[in-house]
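Participant: Protein chains in written order, with the numbering used here: chain A, 36 to 379; chain B, 67 to 298.
The reader is advised that the hints may include incorrect statements.
Pairs of lysine to aspartate or glutamate, DMTMM-like flavour, derived with a Cα cap of 25 Å [unchecked claim]: (1) A/Lys231 <-> B/Asp79; (2) B/Lys218 <-> B/Glu177; (3) A/Lys249 <-> B/Glu177; (4) A/Lys249 <-> B/Asp203; (5) A/Lys249 <-> B/Asp297; (6) B/Lys219 <-> B/Asp297; (7) A/Lys249 <-> B/Glu109.
Chain B stretches covered by chain A per the calculated footprint, using a threshold of three residues with CB under 8 Å from any CB of chain A [as the list claims (entries may be wrong)]: (8) 74-86; (9) 96-104; (10) 126-138; (11) 274-283.
By construction, these hints were calculated from the structure, which means they are not laboratory data.
Don't be surprised by glycine CBs; every beta carbon is placed ideally from N, CA and C.
Letter by letter, the chains look like this.
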Amino acid sequence: MPDPFREYGLTVGVSALCTAVCFALFPVLSLTDLIMVYLVGTLVVALRGQRGPALFSSLLGVLCFDFFFVPPRFTFQVAQPHYIVTFVVMFAVALIISHLAVRVRIQEEATKHAEIAAETERLRSSLLSGVSHELRTPLAAIIGSASSLLQAPPGGSSKWRELLETIRDEAERLARLVHNLIETTRLESGVLRLKKEPYPIEDVIGTALERLAKLLAERRVETDLPENLPLVPVDPVLMELVFVNLIENALRHAPGTGALEISARERMDSVEVSVADRGPGLAAEDRDRVFEKFYRANKAAGGAGLGLAICKAVVEAHGGTICAENRRDGGAVFRLTLPRKDAP
Amino acid sequence: MIERAKTILVIDDERSILRFLRVSLEENGFEMLEASSGKAALELAAAKKPSVILLDLSLPDIDGLEVLKRLRQWTSAPVIVVSARGEQADKIAGLDRGADDYLTKPFGVEELLARIRVALRHAERLAQDPEPIYKHDDLKIDLTARRVWLGKKEVRLSPLQYVLLSALVRNAGRVVTQKQLLKEIWPEGGSTPEALRILVHQTRHRIERQPVRPRHLKTEPAVGYRLEAPDE
Chain A
36 MPDPFREYGL TVGVSALCTA VCFALFPVLS LTDLIMVYLV GTLVVALRGQ
86 RGPALFSSLL GVLCFDFFFV PPRFTFQVAQ PHYIVTFVVM FAVALIISHL
136 AVRVRIQEEA TKHAEIAAET ERLRSSLLSG VSHELRTPLA AIIGSASSLL
186 QAPPGGSSKW RELLETIRDE AERLARLVHN LIETTRLESG VLRLKKEPYP
236 IEDVIGTALE RLAKLLAERR VETDLPENLP LVPVDPVLME LVFVNLIENA
286 LRHAPGTGAL EISARERMDS VEVSVADRGP GLAAEDRDRV FEKFYRANKA
336 AGGAGLGLAI CKAVVEAHGG TICAENRRDG GAVFRLTLPR KDAP
Chain B
67 MIERAKTILV IDDERSILRF LRVSLEENGF EMLEASSGKA ALELAAAKKP
117 SVILLDLSLP DIDGLEVLKR LRQWTSAPVI VVSARGEQAD KIAGLDRGAD
167 DYLTKPFGVE ELLARIRVAL RHAERLAQDP EPIYKHDDLK IDLTARRVWL
217 GKKEVRLSPL QYVLLSALVR NAGRVVTQKQ LLKEIWPEGG STPEALRILV
267 HQTRHRIERQ PVRPRHLKTE PAVGYRLEAP DE
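Next comes chain A alone, as it looks inside the complex (with noise of 0.2 Å):
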């Protein structure tokens, strides 16, 4: 932001060029003329862009004109009483020019600060995926190679076999880390944007379920999704890390035999889902706070302290609502709403 006192005082340079060149100029041009030279110097000071210089610029070049070169001249006095009609209109004209003229100004910065605003985003959404690629890259090669050892056995005892799919096992879980790391990383500085398109909500947590499938060959889901449900304007791909990050914390929290019950029902103006454990349920204390970024309420059951605020993150970009409850008859429940389509 320029100095306003240096402004001012440049108008005060402006207006006096302007006169010294009307002195030069008075000879040969008439006296209406000269007006053209103080509406030039004003559109140079509304140019820079501030509404208050602009103005003092198109009055003091009014008083100027008046003071120097309106007879009688070197008074504020007139003679004849249509210059009144010339000054107003001389005034007009200037306001009108500046007006434009600090607006086209204040434009040309707008898109200036868009332009480098843009311009943070590409390189942030670069170093981003730059990081991401070298993090999953060596991920990719010790799945990639665990899984063809397991494929194919060298005559290897069952032992080995343990051992390969705990290295392939834990190597997917952390990939699964490293995704919901750099996703809190682009939620949070904006560069991520929601791609929302109405799905049937069964068709996103069966994509989920999907990719838990080795996590979920021994453990129970019992589901109740009625055929019918609205649809959803969701995200499809981060509506599924939703659901992924509730059955893994399920999981967790909830270990053993129990069966995971995933249900969703219609509400008023919303698809509300639940997933639900028999695990020992959350202390009050915990209810509010599972939602916060690195907590974690049962330190021994392990995890980051990421899954549940992605999950936050990611439904209330959507115009949701999550919670967390204890079920009456024991367990945990997370209860989430989704505006259906169409909602107000």
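With chain A held as given, fit chain B onto it using these hints.
Facilitator: Chain B in isolation, oriented as in the chain A frame:
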């Protein structure tokens, strides 16, 4: 007669990935060619005419999608594009530009081999008549009689649901994008991706025992759908 080993061209610039792919592919009876830049890949593809091309979309020199475009100017060999999880736009762009399928990094060898086998089978079948009967697990579809069975029970489908299934059967094992399906099911246009999703949803409720955990008709998030490859 001894069949010549099928050649797979792998285009990737990561040494560790190339190394595990070489072991896995050769172990499974394929011959592997490798290229770590787009330029080398285009030269190698022209010289060796591979049966399947595995193309990682992030290459050091040329954009992977550009490599795909140039390959498609002269070869119809199946191309499987490889990209990271979450990069759906790249996958869709690849499939729209003539890729046959995609793989998401990280992937296991079983998944890779399944994709390659489907791609090879599809390429071979294009020359012949399609298989009239599709069987996967407890689902059976007879394309000539236009009948569908789930286990022993015959399934009644609406005409549109049947058109959807037959389009997927013709591409069994491969991903079919939403755009491709829309074109096949509603050739005159006038439909929407939303209508397609509802159609898939309804079809699933006919042909899947547990529609939220489908065994036959899988969703590829934001990209399209895949009907599992038929039983051998």
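Participant: Could you work out which earlier hints the structure fails to respect and list their numbers in ascending sequence?
Facilitator: Hint check: 1, 2, 7, 9, 10 fail, others pass.
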